[in-house]
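Protein chains in written order, with the numbering used here: chain A, 1 to 424; chain B, 1 to 424.
Please keep in mind that the hints were generated in silico from the structure rather than gathered at the bench. Some hints could be false.
In this list, chains with the same sequence are indistinguishable; a pair is considered to hold if it fits within one copy or across any two.
What the hints assert, rightly or not - The list that follows gives simulated cross-link-like pairs (lysine-lysine, DSS-like), each with its CA atoms no further than 25 Å apart:
1) Lys321 - Lys350
2) Lys386 - Lys201
3) Lys350 - Lys241
4) Lys280 - Lys350
Residues per chain, in single letters:
There are 2 protein chains.
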Amino acid sequence: MIKASICTIGDEILIGQIVDTNSSEISRALGSLGIRVTRMVSIADDHQAIIQSLTRELETNDIVISTGGLGPTKDDITKAALAEMSGSTHYVEHPGQLAKVYEILHARGLDVLDINRAQALVPDTCEVIVNQFGTAPIMVFRFPESRFGHPAVLYSMPGVPFETTNALPDVMEDIRRHHRLTAIYHRNVMTYGMAESALAKKIESWEDSLPEDMHLAYLPNPLTGVRLRLSIYGGAEEEEKSRTEAEIDRLKAILGDVIYADGDDTLEHALGAILKAHGKTLSAAESCTGGEISHLITTVPGSSSYYLGSVTSYAVPVKVKVLGVPQETIDRCGVVSSEVAAAMAEGVRKLTGSDYAVATTGLAGPGGGDGVNPEGTVWVAVATPKATLTKKYQYHNDRKRNIQRFAASALHFLLTAVKSDLSI
Amino acid sequence: MIKASICTIGDEILIGQIVDTNSSEISRALGSLGIRVTRMVSIADDHQAIIQSLTRELETNDIVISTGGLGPTKDDITKAALAEMSGSTHYVEHPGQLAKVYEILHARGLDVLDINRAQALVPDTCEVIVNQFGTAPIMVFRFPESRFGHPAVLYSMPGVPFETTNALPDVMEDIRRHHRLTAIYHRNVMTYGMAESALAKKIESWEDSLPEDMHLAYLPNPLTGVRLRLSIYGGAEEEEKSRTEAEIDRLKAILGDVIYADGDDTLEHALGAILKAHGKTLSAAESCTGGEISHLITTVPGSSSYYLGSVTSYAVPVKVKVLGVPQETIDRCGVVSSEVAAAMAEGVRKLTGSDYAVATTGLAGPGGGDGVNPEGTVWVAVATPKATLTKKYQYHNDRKRNIQRFAASALHFLLTAVKSDLSI
Numbered sequence: 001m002i003k004a005s006i007c008t009i010g011d012e013i014l015i016g017q018i019v020d021t022n023s024s025e026i027s028r029a030l031g032s033l034g035i036r037v038t039r040m041v042s043i044a045d046d047h048q049a050i051i052q053s054l055t056r057e058l059e060t061n062d063i064v065i066s067t068g069g070l071g072p073t074k075d076d077i078t079k080a081a082l083a084e085m086s087g088s089t090h091y092v093e094h095p096g097q098l099a100k101v102y103e104i105l106h107a108r109g110l111d112v113l114d115i116n117r118a119q120a121l122v123p124d125t126c127e128v129i130v131n132q133f134g135t136a137p138i139m140v141f142r143f144p145e146s147r148f149g150h151p152a153v154l155y156s157m158p159g160v161p162f163e164t165t166n167a168l169p170d171v172m173e174d175i176r177r178h179h180r181l182t183a184i185y186h187r188n189v190m191t192y193g194m195a196e197s198a199l200a201k202k203i204e205s206w207e208d209s210l211p212e213d214m215h216l217a218y219l220p221n222p223l224t225g226v227r228l229r230l231s232i233y234g235g236a237e238e239e240e241k242s243r244t245e246a247e248i249d250r251l252k253a254i255l256g257d258v259i260y261a262d263g264d265d266t267l268e269h270a271l272g273a274i275l276k277a278h279g280k281t282l283s284a285a286e287s288c289t290g291g292e293i294s295h296l297i298t299t300v301p302g303s304s305s306y307y308l309g310s311v312t313s314y315a316v317p318v319k320v321k322v323l324g325v326p327q328e329t330i331d332r333c334g335v336v337s338s339e340v341a342a343a344m345a346e347g348v349r350k351l352t353g354s355d356y357a358v359a360t361t362g363l364a365g366p367g368g369g370d371g372v373n374p375e376g377t378v379w380v381a382v383a384t385p386k387a388t389l390t391k392k393y394q395y396h397n398d399r400k401r402n403i404q405r406f407a408a409s410a411l412h413f414l415l416t417a418v419k420s421d422l423s424i
Numbered sequence: 001m002i003k004a005s006i007c008t009i010g011d012e013i014l015i016g017q018i019v020d021t022n023s024s025e026i027s028r029a030l031g032s033l034g035i036r037v038t039r040m041v042s043i044a045d046d047h048q049a050i051i052q053s054l055t056r057e058l059e060t061n062d063i064v065i066s067t068g069g070l071g072p073t074k075d076d077i078t079k080a081a082l083a084e085m086s087g088s089t090h091y092v093e094h095p096g097q098l099a100k101v102y103e104i105l106h107a108r109g110l111d112v113l114d115i116n117r118a119q120a121l122v123p124d125t126c127e128v129i130v131n132q133f134g135t136a137p138i139m140v141f142r143f144p145e146s147r148f149g150h151p152a153v154l155y156s157m158p159g160v161p162f163e164t165t166n167a168l169p170d171v172m173e174d175i176r177r178h179h180r181l182t183a184i185y186h187r188n189v190m191t192y193g194m195a196e197s198a199l200a201k202k203i204e205s206w207e208d209s210l211p212e213d214m215h216l217a218y219l220p221n222p223l224t225g226v227r228l229r230l231s232i233y234g235g236a237e238e239e240e241k242s243r244t245e246a247e248i249d250r251l252k253a254i255l256g257d258v259i260y261a262d263g264d265d266t267l268e269h270a271l272g273a274i275l276k277a278h279g280k281t282l283s284a285a286e287s288c289t290g291g292e293i294s295h296l297i298t299t300v301p302g303s304s305s306y307y308l309g310s311v312t313s314y315a316v317p318v319k320v321k322v323l324g325v326p327q328e329t330i331d332r333c334g335v336v337s338s339e340v341a342a343a344m345a346e347g348v349r350k351l352t353g354s355d356y357a358v359a360t361t362g363l364a365g366p367g368g369g370d371g372v373n374p375e376g377t378v379w380v381a382v383a384t385p386k387a388t389l390t391k392k393y394q395y396h397n398d399r400k401r402n403i404q405r406f407a408a409s410a411l412h413f414l415l416t417a418v419k420s421d422l423s424i
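Whenever a hint applies, use it, and build me the whole structure from the sequences.
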């Protein structure tokens, strides 16, 4: 198996100023090619530290990808370190990258200074992949077997996450061209509502019966559910694909509604796709979730074609006056109740004229609950043209997490209700 | 200067399943004690890899903090590796941690199994700091000078971010007790609305005139502004504090409203504190921000005492019917306009009876704009008892970022207007 290491260079990571998101993104890209990431290292903007660390990673890996330390300012000294460790005698100007420097700065209405032009200078020991999204080139150093005991390659990428993300496919393409990779076909399904351990128990006999060339991975997200990834090693031809689909069908029969989408869809994307396909509209009434459900729904591009809007009724008078929740219901059942959730959903559905509506009322905390319900309780209601459904969820005592979990639970309950209403 | 390294252990990081947020958090805590973090390393759940990497980090650092690999399942093998590298001959049960295991599992209504009790077993070569927030103890291995050429200490912490965050102060306290640290006093102020480079230029002469023992750091957050941290080395006595305050006063005179809060406050916390102190209430009307402003406001504990609620008027009829925006204004000025933003803010203020209201209407994208306004345009309005103010902001072409930047801009505009209205 091909081994790789990822090195992020920059004081801003070591002092905790920014969280390194590049490494996990690069790691997922390498993993999808079947390459194993053995280490990730973050090092300072320091000439000797860069040389020592990169050398060590190249000694024990086939591929090293470094990010960062390539900006025009004096802090960024990666290029000089790479020149030294690769035995470069001089720099050469790369015309393709230079053209890109001019293009980017002119588009921003800026003059091209010497400091900008120098970005296109690279050690004579490297190949260049033009960075289409920034001024610093991607440098590729290929070391012969004699240097580290095995052929090794170092990709030096810019560290700005936007540039790393967008330039990554070009680097992966280069890796694909230069290495014999085992073909892997991945198939994802998204689940919600079961913890990883419960899920594992439920599908244990199915998992144990998988053929030798298939492998299941659990990719849990504490807030939005567990992604299941079924990988088949050996190819992505029709035969492998149909064998994978047959296993996915068996899995779906076992898990039912717990699987809410194929692929990598989020709850809000899966919901949006169904509403759009069926020409249905949606609205929301939020109390304890405070706008998070509406925010999630509207992160989906094109959501304005099915989402009409919401009311965040944080104060009781807003529930009564704007949503039309009867004061009597609140007095009788309490604000956090099935009845109030249902009245909120029905109220916002009527107010906006939407086909479906979702509502939440609960206690995100902090504070010890309302005497009846403990902190972490939420009632979710969904109003459809035919019925109003409610469900209670119980979580813990962390306000921010509760808000996110309440919102995810509400979206999953809504998605299940919409599917049932549309008989899909 | 004392040197430290941070090692995260776990396959889930190397395969890119989760982003490592522990390292940056630990790094900031160490930095605030004046300890320099030289490297961060992520390694697999592999016995030899753990021993080799930790040994190497201990050879070149005074302090190594590792996280992860301490769970009850078979994947987690850190403890055995630590036992081997510290020359442990047997495990001992730690009564304090065992009591915590029982307490935590009983609170969740779970039985204590052998696998859980084993969490309280530690190598005889370590000290224990009881983990108050989880079942796995924090193990402290103190190595004599003879082992690595200098005294070195290894803290092995659990990797669950909630536990790492909450247990971190106990580890820092242990470090404080065992090392001679240079006292540092930090003073933060929060800014919004100026890029790091523009800020640096504006305060250049002030920064250059700072005394030798003071140091300024720029801690930019791409969405919520730049935090400025002024540190004074040598102590946190009255004299240092008053000298620091004098410099902060000079800085405030230069930057004015760009500084929106002292300390580490977010915009929504700073806003909430003022509203609470003055007994004022707030509501919101959102179009393009889709609920994000309301969500941010309600992440603040206790926000129900000043926040009444919001209307997300994604569809035009909701703007007209619920918020009372005149259809004529929409036809004449367009949905994305100063006039519609103002009518939305005034409408939701009237609907909820709040003292203040904020509203947004804009184009988060994707799509090329509405013919008048390009993608990334937002109009923000604030209605106060005395006046309605509007302001236009222009951002770029990334939907998710636009939503977040729109929301942050709106909160900053609102905060400035509220301060002005209350003459503070």
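Violations among the numbered hints, reported as their numbers in ascending order
2 and 3
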